[in-house]
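Peer 1: Please arrange chain B on chain A, whose structure you already have, making use of the hints.
There are 2 protein chains.
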Amino acid sequence: MILVKLGGSVITDKGKLRSFRKLTCERLAKELWRARDSLTIVHGAGSFGHIRAKEHGLHKGFKRKSQLGHVAAVQRDVRELNLKVLEALIDSGIRAVSIPPAAAATFRGGAVASFNPDAFRNMTQLGLSPVSFGDVVPDEAMGFSICSGDLMMEALAKEFEPELVVFCADVDGVFDRDPKRARSARLIPDFGRPSLKLLGRSDAQHADVTGSIRGKLERMLAIAQHCEKCMIVNGNVPGRLERAISGKEVISTVVLPG
Amino acid sequence: MILVKLGGSVITDKGKLRSFRKLTCERLAKELWRARDSLTIVHGAGSFGHIRAKEHGLHKGFKRKSQLGHVAAVQRDVRELNLKVLEALIDSGIRAVSIPPAAAATFRGGAVASFNPDAFRNMTQLGLSPVSFGDVVPDEAMGFSICSGDLMMEALAKEFEPELVVFCADVDGVFDRDPKRARSARLIPDFGRPSLKLLGRSDAQHADVTGSIRGKLERMLAIAQHCEKCMIVNGNVPGRLERAISGKEVISTVVLPG
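Going down the list, the sequences are from chains A and B.
Positions 1 to 258 (our numbering) are the ones given, in order, by the first sequence.
Positions 1 to 258 (our numbering) are the ones given, in order, by the second sequence.
Derived from the structure by calculation, the hints contain no laboratory data.
Note that the structure is a prediction, hence the values are computed from the model and not measured.
Not one of these hints is a red herring.
All copies of an identical chain are treated as equivalent in the list; a pair is satisfied when it fits inside any one copy or across any two copies.
Below, computed lysine-lysine pairings styled on BS3-like, alpha-carbon distance capped at 30 Å:
(1) Lys65 to Lys22
(2) Lys180 to Lys216
(3) Lys30 to Lys63
(4) Lys30 to Lys65
(5) Lys216 to Lys54
(6) Lys30 to Lys84
Looking at chain A on its own, in the form it has when it is part of the complex:
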């Protein structure tokens, strides 16, 4: 199995509420189709989730009744994005079927409490490609919480031990500084636990509702323990995703288990 994350910052414009990057998503879908048939895909919520979720503190769980309308609205928005992604995938020839996180997992305190892989396994065995996503989910301790796409990636990697995990980001990989701010930032081609120290402090703390960049990297380090190869590629550069899942040389960061 190849497990691919389509980052929310790649398939949406993260600064603009509910703006889908259709052409990018369609290109990535074609790259996925050309490279390989047996895929499990997870996508982030991007601007269909984070903006409203942050505005109403949904990542902090249930605090007041007035949040509930926003829980419903964010869930709806995220499903709209999921439908757009499904459409792009199906149009490119991938037999994509949606599996929301709450269809396979229960959550407690923002973490996965239990994970039932049957839906993913059944779909994959039939020859279908499951597609999951970041979502607002019921939470046994918090009422509701956010399940990030990365959290689903970790649950799937643990369960299925894929040969390859690819994170599609809006940068070439992990840099020693924020590449969008510092021209001198250098790509780290092999990222292990010790590399966490190389990261500038401030750069590790840009937060969205699913946590800091440091938190994301810690999760990738954990995921790398459950697959043969884990890498980050730039989904905005045509061909990178396709090269990565075809096993060809490509500009990327390989995440080392640690």
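Peer 2: Okay, now just chain B, sitting in the frame of chain A:
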């Protein structure tokens, strides 16, 4: 709990592929909102599901690889309809959240093999209104099969024993003959198991991929055993649904347990 089925023949034009009856659905959403807050809703797939499912024999389960693209396409279409229904409900003030059948149940031979009510219970306890729907689902015996909205209604009724179950149809209730063909058809105000014999043979056999009308009525008779009151109302007549869930007198068929 009040459990409401929005029939696929009411919220879609069943003869025309993927045609949503937006105004009707918006009106029904307003009726639901005005009448009561604590709701669980199931909708049929209508022309977003049946037409393609029938064309490619999806109700018969996995027969050949070429069906799989259609499984993905029908799933996608049904999610598009679900999103439209969610939108109408949320716009009317109902805090609706989607729960696909495969998120709560497993299936074997076209029947429910196991049902986990947690997602529905958690959402309801928070004050959200779960919305499920008819769908193509993984099936342990058939590869995939169709879970009708009515099958979900039965699973939910068994589990939660609602005080009221309302089926929103495109006719006033159950008639002794097909009311769309025979002007002399008479409404059966109280329908019990013995009433099955009153139905004209031919009228009980118009089939879609979820079975004959007789099959649907048998399911309603089963559902009536798990609730205080089970009724069928005409969703095309403004106010009927609202009157039904407000406990007011309304033209309908009451389905008796049996």
